[in-house]
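Start from the sequences and build out the full structure, keeping to the hints where you can.
Protein chains in written order, with our numbering: chain Z, 1 to 790; chain R, 791 to 1055; chain W, 1056 to 1209.
Hints in this document: simulated from the structure, not taken from any laboratory. Note that the structure is a prediction, hence the values are computed from the model and not measured. Possibly wrong hints are sitting among the right ones.
Pairs of lysine-lysine, BS3-like flavour, derived with a Cα cap of 27 Å [to be verified]: (1) K726(Z) x K1174(W); (2) K655(Z) x K887(R); (3) K22(Z) x K1110(W); (4) K1170(W) x K22(Z); (5) K89(Z) x K1062(W); (6) K1174(W) x K876(R); (7) K845(R) x K1110(W); (8) K1175(W) x K887(R); (9) K56(Z) x K829(R); (10) K1062(W) x K829(R); (11) K1208(W) x K876(R); (12) K876(R) x K1055(R); (13) K22(Z) x K1208(W); (14) K726(Z) x K1175(W); (15) K1175(W) x K655(Z); (16) K876(R) x K1170(W); (17) K1024(R) x K452(Z); (18) K876(R) x K1175(W).
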Amino acid sequence: MSDTGIGARVLRKEDKRFITGKGQYTDDINLKDQTYAYFVRSPHAHATIKAINTAKAKKMPGVVDIFTSKEVEEDKIGGLICGWMIHSKDGSGMKAGPHPILASGKVRFVGDQVAVVIAETREQAKAAAQAVAVSYGVLPHNVDAGQAMKTKAQVHDVASDNRVYNWSIGDEAATDAAFRSAAHVTKLDLINNRLIPNAMETRAAIGSYDTGSEHYTLYTTSQNPHVARLVISAFHGLAPEHKLRVIAPDVGGGFGSKIFIYGEEVTCVWASKRIGGRPVKWTADRSEAFLSDAHGRDHVSHAELAMDASGKIVGLKVHTIASMGAYLSTFSSCVPTYLYATLLSGQYDIPNIYAEVDAVYTNTAPVDAYRGAGRPEATYLLERIVETAARELKIDPAEFRRRNFITQFPHQTPVIFCYDAGDYGAALDKALELSDYRNFASRKAASAKNGKLRGVGFSAYIEACGIAPSAAVGSLGAGVGLWESAEVRVNAVGTVEVLTGSHSHGQGHETTFAQLVSERLGVDINNVAIVHGDTDKVQMGMGTYGSRSGAVGMTAISKALDKIEAKAKRVAAAVMEASTDDIDFKDGTFTVKGTDKKMAFGEVALASYVGHKFNSSEIEIGLKETSFHDPSNFVFPAGVHICEVEVDTETGLTKIASYTAVDDFGTIINPMIVEGQVQGGVAQGIGQALLEGAHYDRDSGQLLTGSYMDYNMPKAANMPHIENFKLGFTFTKCPSNPLGMKGCGEAGAIAAPPAVINAITNALGVRDIAMPATPLTVWNAMQPMKRAAE
Amino acid sequence: MENFNYHRPATVNAAAALLKKSKGGSYMAGGHTLLPTMKQGLASPSDIIDLTAIKGFSGITIGKSAVVVKGGTTHMEVATSAAVKKAIPALAELAGKIGGVHVRHKGTIGGSIANSDPAADYPSACLGLGATIVTNKRKIPADAFFTGMFQTALKDGEIITEVSFPIPKKSSHMKFPNPASRYALVGVFVSQDAGGKVRVAVTGAGPKVFRVPDMEAALSKSFAVSALAGISAKAKGLNADMHATAEYRAHLIGVLARRAVEAAK
Amino acid sequence: MPAISMKVNGKAVSGNVENRTLLVDFIRTNLGLTGTHVGCDTSQCGACVVHIDGKAVKSCTTLAVACEGASVTTIEGIAKNGTLHPMQQAFHENHGLQCGFCTPGMIMASIDIVKRNGKKVSEEVIRRELSQNICRCTGYHNIVAAVQSAAEKM
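Pasting the structure below:
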């Protein structure tokens, strides 16, 4: 391992611009003559739009124009799409209601955009937006997933019972049979609380239309600018791809929420042409972000787990109602199906699984992928019921898990996935050791002396990420393939530019991707540039989400590097007058076997472009290669997290006393960055378990947690102290990519919630506690009367 | 937010005159309540009269029997004042729990008290210590100052120039913050004066800061945790929201009062 | 529009602003110093923290006109002659940032924390005093480590 190669703790190359204030985020960009957009949003959860009067607002200072669905329809701008077709059990396709970029005829949630004001300044646009008079006919609404199929509030005409689909996976008859023969059945009702992603940079866009070249440019806060370009071209009908450039510059966090194509961004592009080519800029207020960013989670589930007399799991039955919100967001439909129920086997050998999912419309913001997407929901359900079963059977929860672990690979689960590699027992052993599990009782006693209840909770998670084989996702209904592209350009002086379809918004690709190049070509890491986020530079790509940039994105780079090496060998052979077969390449030097002839990588690069020393009809000039990598399988990172909490019995305040995370990510390129991903993911998981929850008022349909006054973001003091947060890694090589990598971005957010809640229920001696386990919730759970009633 | 006329007078009298002349002006000190309210469109004063340039408007004087804090003194100044820490440690501690660092650098005692936010911290110190609020016109005892939610006895144009806190024998402040906003979900300030009389003031729990007579009577007899046994705050009339029910708030008043008595010094 | 003048990062600057113009907008729009960010609209996230006369304050909750004559320091002004401030260096060395959006405010707030609490500032105090600086990426672990490390060197 070199100082900057694979496995090295290389400090990040991208840091300097961020720590000196030189990062360039979308809102930092200003184009000449730009205007500002402000959206008029629905104050009602559900209403018909009877009339929109813009006359007064149009006369206000600085107003350039105001648009509503009327102009959208005039210009035949297509609606937002959901790119993954899910079929119901009965074979019918999912019921997708219309999703225009500006609401037409009806608003379906508080914050739905109704009109856009374009003005000379942001303040002017905002002032005029307040003067747009919209007359609404208020309709009954429903914000509750559990009530969606019973309510009178019908969100879309196409779905009379608000049901988008009724989907199932697994063998129902076999699972029922397994339950009939079971010695013990554990049942649990669970709610997976709705979360609001809250990347610290809010969404922003600048749409710009050049009237001369008839070319559009969109600067936007996107995790996948190429997908944005494709969708805007193909479905909104704004511009063909060669007339549209999408640039996602520095992006301040995504966590899934910036994967999707939203109405506001499309509106900016469209409106720029409509007003004659002046750029249109929009930056979301945080309040708008709360209302209009796609939310995450929001499941209501019933689960049953069947065991035989030896404590071996024989079956799992799950029914889940998943809120989709008011519209189907870009990838929403696959989240509670193929990213959720396919993971219900967890790390366990469960012969029979049957799951049914009802996806429903509610009068709330659309729900889509948020860090982990489906897999946190699956892990929460399974790890909660497994822990509960262990307690009911009076088996130590670690031992109960071990008894049921999958130990042979590959392992085909009853819910599609074939796990390729893993060693779950090793992760458990390491986590038990790092967390000093054996001495838990003495820590519990010490806490008790201070009037605190201490509890311990486990989470043995697995996730499928590095999404994914295109043919596989295509067969399951995906509208796109999920490969990744890379282009490696070696310059004549031997420096390297890598153009990647992955997008970094905090993940540190400029460093880790360069480490791969440095390792492979022996080039100084500072002589490698990573180019991403611009559709005019990178031809095509699928972007960053689902922990796929390493396993898929870097594999594409690795394959392009293979081609570079092969080509460079041919050049080196020609220059050194040897056979290509006799050329070795190591540590940046080409040598001829059995001789002292050698050439440095830079010399070969130069020779490739000079072209004097070889026949250019046999070897093409230049050193530039491309690869489109389509993986052969998902990757399956897994691990065991153990959380200890201390609950203040008087106030209900829960503190994370310690947290231990042991993960198997396969090959790690940069441990520093991977640890950072785990720490950040765990913080989001602790946030879900203890702090965060989107709360819509049942009666008014208003979002009550619409700012940081009420939505509780994890803060420094909520996290365990440095010495109490222990990280460990185990290693099994991933067989489906040459680097042996798995994904690490979502692990913490997936693993942490059940670990925390299992610890709290253990501390309190209760069966369940709702997330977020706020002081109020915990205090309520501790009331003796309530406990007695359970 | 709406535009406004901006003034930065050098004297209290000039400030009062500017406010009187304005259509619907507002004083501003640290601005950490007013500006967020204006940004949300919930207030749009015609004029802002910035008090921060008034000479002699901030500072702390420790007298024999009272700590006098000038109206424009920031929370950070009170929190870090060695003299306050010595005279009324609970007052310095309370100031150190207001908002975050950035708020404490700008927020002022006068601004906090004049706003009478039901979840603000300072009102509990005023009531819990029996402070006197001094304005450019008169002296108002804390007991008569906080009249309701965001309402005080201040008349139009009146400016808080200083707050005088009697130095107690013992005092203590306990705060249970709202998990999201960090304002007081419940805060309890307890003091015992030289004659043994006890005050217990509660913030965050009701529409305005209030005292708990039952606890005060019991603690005045015996300043010990045991004196509070069997005394509980009533949930009726307390605030209820998604972060805390009235019952939970009532319960927390009891918990924090016991902890405050235990920690009093 | 009133004219204002102040010192920003040691340089005298001036401009015309509305009375309602917030300091953060003056810094970002008039001066083009876009390192100071806006992450919320309720004065709670800390992405906009700058120093006014040496103290960490929220530039989103400060009127530009109120800064007449003040000395303002932003993230762009703390490196000296091309050498990073110890806090910047510590954030880099401890991987105290990921997406970088909260980082300028986080660094400016952390400098204030160390200035007031000294070299031996405890983890408890750092965590408590960062209560109004929100980071969504790092889980704060490495931020806290960075502040402790910088404290030793400041």
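Hints versus structure:
| no. | hint | in the structure |
| --- | --- | --- |
| 1 | K726(Z) x K1174(W) | 25 Å, holds |
| 2 | K655(Z) x K887(R) | 19 Å, holds |
| 3 | K22(Z) x K1110(W) | 22 Å, holds |
| 4 | K1170(W) x K22(Z) | 24 Å, holds |
| 5 | K89(Z) x K1062(W) | 68 Å, violated |
| 6 | K1174(W) x K876(R) | 24 Å, holds |
| 7 | K845(R) x K1110(W) | 20 Å, holds |
| 8 | K1175(W) x K887(R) | 21 Å, holds |
| 9 | K56(Z) x K829(R) | 23 Å, holds |
| 10 | K1062(W) x K829(R) | 26 Å, holds |
| 11 | K1208(W) x K876(R) | 31 Å, violated |
| 12 | K876(R) x K1055(R) | 10 Å, holds |
| 13 | K22(Z) x K1208(W) | 24 Å, holds |
| 14 | K726(Z) x K1175(W) | 23 Å, holds |
| 15 | K1175(W) x K655(Z) | 24 Å, holds |
| 16 | K876(R) x K1170(W) | 23 Å, holds |
| 17 | K1024(R) x K452(Z) | 26 Å, holds |
| 18 | K876(R) x K1175(W) | 23 Å, holds |
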